[in-house]
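Chains as they are written, first to last, in the working numbering: chain A, 1 to 350; chain B, 1 to 643; chain C, 1 to 322.
Heads up, some of the hints might be wrong.
[Stated by the list, open to error] As a list, the in silico DSSO-like pairs of lysine-lysine whose alpha-carbon atoms are at most 27 Å apart:
| id | chain 1 | residue 1 | chain 2 | residue 2 |
| --- | --- | --- | --- | --- |
| 1 | B | Lys455 | B | Lys493 |
| 2 | B | Lys426 | A | Lys75 |
| 3 | C | Lys64 | B | Lys276 |
| 4 | B | Lys352 | B | Lys426 |
| 5 | B | Lys193 | C | Lys179 |
| 6 | B | Lys276 | C | Lys181 |
| 7 | B | Lys213 | B | Lys294 |
| 8 | B | Lys193 | B | Lys426 |
| 9 | C | Lys64 | C | Lys38 |
| 10 | C | Lys38 | B | Lys193 |
| 11 | B | Lys213 | A | Lys75 |
| 12 | B | Lys455 | B | Lys426 |
| 13 | B | Lys375 | B | Lys344 |
In case anyone wonders, no lab produced these hints; they're calculated from the structure.
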Amino acid sequence: MSLPGSNVGNLRNVRTSLSLLGLLYASVLLAGLLAPYDPTEQNRDMPFAPPSRLHFAEPRGTFRLRPFVYRVVSKPGSFGEYAEERGTTYPMRFLVRGAPYRIAGILSCTRHLFGFDEPAKVFLFGSDEYGRDVFSRLLYGGQISLVAGLLAASLALGLGTILGGLAGFYGGWADEICMRVAELFLALPWLYLLLAVRATLPLHIDPVQAFLFLVVVIGMVGWARPARLIRGIVLSGKLREHVLAARAFGASDSYLLRRHVLPQAAGVVFAQLAVLIPQYILAEVTLSFFGLGVGEPVPSWGNMLAAAQRYDVLTSYWWMFLPGIALSPVFLLYYTLANALHQQTARLTS
Amino acid sequence: MMRQVVERSILRLAGTHVVHGRWGPTPSAFGSGLSLAAARLAALACRGRGRFSRPAGARLRLSAALLAAVLAWAASARTSSAQSAEELLVSRAEIGHQGGQLVVNQRAEPKTLNPITAVDSVSREVIRCTIADLIHINRDTQRTEPALAKAWTVSSDGRRYVLTLRRGLRFSDGHPFDADDVLFSFRVYLDEKVRSPQRDLLIVGGQPIGVRKVDQYAVQFDLAEPYAAAERIFDSVAILPRHLLEQLYTEGRLAETWGLGTAAAQIAGLGPFRFKEYVPGDRIVLERNPYYWKGDRAGNRLPYLDRLAFQFVASEDAQAMRFQTGEADIASRLNAETFSVLAKAEQTRSYKLFDLGPGLDYSFLFFNLNDLDSKALPETSRKQSWFRQVSFRQAVSAAIDREAIVRLVYRGRATPLWGHVPPGNKLWINRSIAQPGRSLERARRLLQTAGFSWKPDGTLVDGRGNAVEFSIVTNAGNGERSQMATIIQDDLKQLGMSVHVVTLELRALLDRLTGTHDYEACVLGLGGGDADPNAELNVWLSSGGTHLWNPEQAQPATPWEAEIDTLMRRQLTTLSNSARKRLYDRVQELVAQNVPFIFLVSPNVLVGAHSGLGNFRPAVLDHHTLWDVEELFWREKRSSATP
Amino acid sequence: MRYLCWRMVHGLLVLVGVSVLSFVFAALAPGDFLSEMKLDPRISPATVAALRDRYGLDLPLPLKYAQWLRSVRRGELGFSFAYNSPVATLLWPRARNTLLLTVTATTLAWLIAVPLGAWSASHPGRWGDRLCAGVTTALLVVPELVLGLGLLLVAVRTGYFPVGGMMSARFADLGPWGKLKDLALHLFLPASALILLNLPILVRHVRASLIEVLAAPFIQAARARGVPHRRLLFRDALRAAANPLISLVGLSIAALLSGSLVVEALMSWPGIGPLLLGAIAARDLHVLVGTVLCSTLFLLVGNLLADALLYLADPRLRVDQA
């Protein structure tokens, strides 16, 4: 056996990744509950506050199980320099009342999982240039970015698989046309189309809707790349002995595609999916540069990273890259899942 | 009466003399023709008027000094032979020594080296170093000073200018310069077929300036109507080499000449540097013009630097990094964030940073007050019933936390604004404009008087019960503007207004502002150019193209816009500076009362330079750093190329 | 040979299609070259209108296209409003620089990706494979601009490399060896940025294809017969996995080209990237179409090379074509 692990181990992989991803989507869905603050709340006297330190031990050395914080104030006359006021302690409280929010857009609620008494502010991941809580924004940001990434990637991959599969399988004219159009699509200046689409959208629609609309466009024009890859697989796949044999036995085209050819492409499809989702989430960083990202003050992972790519942030405010670092395990999860699924299908087809 | 006239004439001459005095004529500078010129100057000046007002004490001293100088001129004119020596302008700057190369970052490539057609600021910045104008605005003092014209006189009605040119000058290819080059240049700029963007500046009172040659070294300019500060229009109007361009001009090929691919020998100018080489996409190198017409007090010819290289660095961050490592010697227009990063490393690196205080730029929020087709844009035209109310605009202005913008967006390196003349413009600002602090109370009162009310959940509604909701557009790629919009949005949320911020790519934004008028509110900035009110004529005249809230009106839409029109037109033809100032003060008051623009802040001008650079005197006027490039020098001998 | 001609005709069709659609998109996007001038208080609307006329900005689209085609026939590839010069003269020196950067980066990226992917595929699930997956995922998360800025920051802090640009100011004074060294130093940062950006995708594909092949019966059989692992991996498995990978070569060129857009602009590499970004911002229509056509051309050539390789590598295709 050259395949890694046993069948059971692989299934376990699928299960863990799936449940972790489920947990991720759930926490993003419940952002309002988990986030201590409203993602748009500005604390103008606390720009670029570093991540708050949770304390367990008091200065006198008494250990407390319930974490507490000190209030952080900016040093007078400085920008972005802070000191803790060691006078009073503010213990962490659970299920506190705070900014109102909605769960899944329906359930109205004001309880937050944890919080601290005013005037102490707790920024687990620091604060941004307006003094907004990066941790809260990260949770809320996932609501848009995870959906957008998945949406665009599945659109691109869906179209790509169909067109690439057909082109590879039938060959001849269909193939020629499909591949020339793919080349066309790979080369076109899509940014212009997006600018045009943005220009036709009215200004007062919700920034999230505007962005999702653009995401659909990006997804639909992104089929060329996966299509070329899948065509390559199908092209060689349809010439394999068992496929040829099946054809000789009179199997129909659709049966061959479904049963023998496309499953061979599954590995590439899944690998592509794991690559495309991060790419589409990050595409917003570039789009933001041209004013095509999610508009302020709504957070998304893309626009949070876009705001971070500045020289001063890079040298002074490292926590602004926490969104990027937090994305890494998410993408790794997708990757592991794709891998495991791939092996699973490989096992079934070979 | 008579006495007054004489005193005026003295003052007039004192004016020119003061300018000469600042630069100091060289002994050889006044050759034979001068006795004539001086006589004509004096004669004309008797009819002229004092334009350079000075305190009374200074006047007396100056007039005495002047008499002596006039006598000295006359004497030297009588004694010197009829040779036409080079009339160098003598710089009063610190004496340096020649050599070395200066590397400057440019955010984009220049597009052309042609001063006639160049419109983009990047090209103009490079071209500025290769050209000279007749009368120049000193970027430091913000006043005019002699350049190729060593002196000038104004007729009493302010409509005729006679400029006396320096003698014996040569273009950078060694060809001599005289009045014919000036005539040719203005013929080109004024030719409608050439379509030079400079043409609009040279139209006064609806008529192009009349240009006539008096003699080989004197040119007369006639204006259709008196024009305040007319000598300022000569600034940056490059004098072209007739010997190189006349043929092309008659063939109608002028617009295509002097592109970046042109051979260096075919380009010449009167500026301190001349074109040497262009590496596509990478850099453009200028070299010292050996025939330049300025010298220092030690008798050396300027410029000091051997070479001036512009390297193209698109990203602002990369520009700052190159400056930090010493791969660029000058950093212009730093933003507050990179400035703070560079300031942290200042100790360990060999550069100095300068915060010059508020410049001439100002940013503002404005509402769409255009006459809209209510069918095409029903939403916006409905909202205009709010925007058109002065108290609504005043309420928005009262709710904006300008201090927060200064602190958060500009790291404290900006000044909050309530009027359109920023504090950097010291000559023209009206200091009596009220500067009320942020007050949500006042904002609420203003909204109440305008018939707005609040729903129980805090939403602001108008008299008809519509929730107040609008979008603010601004251009993407300008972090500061979108940050300001985000802060304003949060400020207005506290008034119960629901505001969307939409960042659009610049051209898309401009298309909405000046084309379709499909926007509700916008954050933008203006400024730059010149401190004089005339530079902003098209912003404040209701017929102007950059009268942004409602451009190119046939008739002023409101009484206060009509009054501003009248005031701006009056100041245009008023020649007394103090009277102009009074008129412009009133314009500033009207603007502040009616808040067509809700002013936000004026950012400080932040620059930096290698600490070994001598004579580096950054200015708040545009082209903050290279305006005195001919005087820059390296204090220590450096290898002619920086690594 | 006939196949080659066929491909060239097709390529031409693609180029025509790209140029037509570029014109259409550009017409759809709001604003034009002179929009910004309208905001300059010193320039009157009448002058702007006259310039619009001169540049033919108000012509209907088909006429604009016809105008451009005429200029293509003259070998000028259109006329840049901003530069006031033919596009071809702007394009060629920059295309050369972009080619230098992308070819270097593509070659190096593949040279790294193939052994890395192969090694990862032959030890699936082990810590090395996991580490490789972790690192590549981390790289995938980094946006181009952040990566570029980070590399530039390294250059600023260490001083080993120049902060962007293609040659130093004293390039002309250097000897041939010095020139080469100078160029290599300048090439290092942008090339590393491009390699790091594309490595994760390449490694994953190499790994995925090889794992598939390694599971195939013929490899299993060879392994059973005692063929050494290394030979198996790099000779037999890699050859069998070549098909999808070669298709990827063409695509990786496209990806590098689009990635090089941002990297070139950030690192001031004088390629077509900054030119294209400038043309987009300035709505310099013909420069835009020219640069897009230029990268299409690179792409087509890349694909052609990939297909030629495929043809050589996969004997079945040769039979099929013949």
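- Task: Compare the structure with the hints numbered earlier in the document and write down the numbers of the violated ones, lowest to highest.
- Result: Per hint list: 2, 3, 5, 8, 11, 12 and 13 violated.
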